[in-house]
Amino acid sequence: MKRIFLILLSLNLFTLVFAQSLTVKGKVSSTDGELLPGVNVKVRNTAIGTITDFDGNYQLTVNKGDVLEFTYIGFKKHTLKVENQRNWNVELMPDQTNLDEVVVVAYGKAKRITLTGAVSGIQAREIRNVPTSSLQNALTGKLPGFFSQQSSGQPGKDASDFFIRGVSSLNNDGNKPLIIVDDVQYTYDQLSQINVNEIESISILKDASTTAIYGIKGANGVLVVKTRRGQEGKPQINVRLEGGMQTPVRTPNFLNSYNTAILVNEAYENDGMPRLFSKADVMAFRDHTDPYGHPDVNWYDEIFKKSAFQENVNVDISGGSKKLRYFVSAGYFSQDGMVKNFGTKENGVNSNYFYRRFNYRTNIDFDVTDKLNMRLDVSSRFMNINEPCNMNATGEIYDFSKMHPYSAPVMNPNGSYAFLNDTEGYRPTLNARLANEGYKRTRRNDNNMLYGATWKMDFLTEGLAANFRLAYSSVDENYRQVNRGDYPTYHYNSSTN
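Per mature numbering (1 follows the signal peptide of the UniProt record, and there is no 0): the sequence shown = residues -19 to -1, 1 to 478.
Hints were generated in silico from the structure; no laboratory data involved.
This one's a predicted model, so the numbers in the text were calculated from it and none came from an experiment.
Misleading hints may appear alongside valid ones.
As the list claims (entries may be wrong) - Taking lysine to aspartate or glutamate and the DMTMM-like style, the derived pairs with C-alpha atoms no more than 25 Å apart in a straight line are:
1. K352 <-> E213
2. K352 <-> D163
3. K304 <-> D439
4. K303 <-> D351
5. K215 <-> D348
6. K437 <-> D348
Said to hold, decoys possible - DEER-style ranges, computed between Cβ atoms:
7. G225 <-> T60: 36 to 46 Å
8. T232 <-> T52: 28 to 38 Å
9. N365 <-> V111: 53 to 63 Å
10. Q462 <-> G396: 32 to 42 Å
11. W436 <-> V111: 36 to 46 Å
Glycine included, each C-beta is placed from N, C-alpha and C at the ideal position.
Hey, can you work out the whole structure from these sequences and the hints?
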């Protein structure tokens, strides 16, 4: 009776936990009843969110107790706490102050209330809490019309490709937008290495009226980034330390050798062929009486770590006088991969994926006169990426059809490496390849310097100014590759050993 009670109690607990998740939906409108498309609906302090469709409808799966935030240009933010109710129709109140918000457009700025072009903007403080290594990934889901696609999760190479208002060509390079950082054109790689802590605001220009000044280069839209600058006042020092663990969203479950052998024998019988495994083999897999001759290996657990560490450290100081203002920032980012390191000090191999980056920036503004302003921006980025030398091993990590749990032990009894004895070519096990086939380490230094001057010519006409920009950029990239072509692997035969 006690056991039955415990089972019922467990089922009730499961039901309570499962019931915390629910789908809420509804319509968003203004106070005069107009349905609002494109309203951002987001769960507070998370990356979970959506936008309303053309009819103002939204739908989102959340947990009971979550707080939803509704934001839209020209309207006040609206929040509500999710309870048992599933339908929530929301009315947004107009907010005149938001219309005075200034957004960056090409070589100038404009107020939203007077802006007629298609421009979306975001302040960097809204994305500084996003735990990612690249700016592109931090912008995902934050800007209307910004589409991103991440093709890799490798540390240092996980920056998303992004497009503005979709794609217009089958050629991927032909869809890339123009990237402008402080009036200077950047590449995708340079953008991905920028420290988010250095950024003040980001805008995307989406239509012809806002991108015309860039000519044909702006045909796919323009991403405009402005970095932080010093303000008059006492020095302000900010220190930010972040640390976290990366874990898979969902891990696959694999059959053990015993169940796999039974299914393989059944498949052979269905094809009219003799069984691959004898009854003694199947019993050895089940009872684990011969762990080397009849291994039972979960290769996922052997190759991958449970979690990987990530840290982000930023220090900045800003301030200045009426004539001279400054902003200085330094940051360090470190990210490890999920693959275990099988290298040793003896063989000098480091098979672990990792990414290290150091950022430095100095922005100085100097008012020579009331009409003449000068600026000097200096930034550097130092990057270090480590990866296994044999890139085929990366793909084979996920190709478990060639790595059956009974194919080979992790190591032979004498400490030597094994090979997969049921695959074409009898290739070494993946841990043997990671430990012996070397690594590749890429080092890259990016340096940028911008000298600028602005001369206000109000004496000719109000608002007229002349701008001068001189930019310098250098990239120094080198890599070290250590590999090994041949190394011994062995097959353990339990019948003769």
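- Take the C-alpha atoms of K352 and E213, compute the straight-line distance between them, and say whether it is at most 25 Å. Holds. K352 to E213 sits at ~18 Å (cutoff 25 Å).
- Task: Given the hint that K437 pairs with D348, test it: the Cα-Cα distance must not exceed 25 Å.
- Result: holds, 11 Å
- Message: What's the verdict on K352 and D163, does the C-alpha distance respect the 25 Å limit or exceed it?
- Response: holds, 21 Å
- Query: Does the structure keep K215 and D348 at a Cα separation of 25 Å or less?
  - Reply: holds, 18 Å
- Query: Is 32 to 42 Å right for how far apart the beta carbons of Q462 and G396 are?
  - Reply: violated, 27 Å
- Message: Check the hint pairing K304 with D439 against an upper bound of 25 Å on the C-alpha distance.
- Response: holds, 20 Å
- Distance restraint between K303 and D351, which requires alpha-carbon spacing of 25 Å or less: holds, 11 Å
- Is 53 to 63 Å right for how far apart the beta carbons of N365 and V111 are? For V111 against N365, whose Cβ atoms are near 22 Å apart, the range 53 to 63 Å is violated.
- Query: Does the Cβ pair W436, V111 satisfy 36 to 46 Å?
  - Reply: The hint (36 to 46 Å, Cβ to Cβ) holds, given that W436 and V111 are roughly 39 Å apart.
- Range hint 36 to 46 Å: satisfied by the CB atoms of G225 and T60? violated, 26 Å
- Pairwise beta carbon distance, T232 to T52, judged against the given window 28 to 38 Å: Holds, since T232 and T52 (Cβ atoms, about 35 Å apart) stay within the stated range.
Figure legend: structure checked against the earlier numbered hints; hints not met, in rising order: 7, 9, 10.
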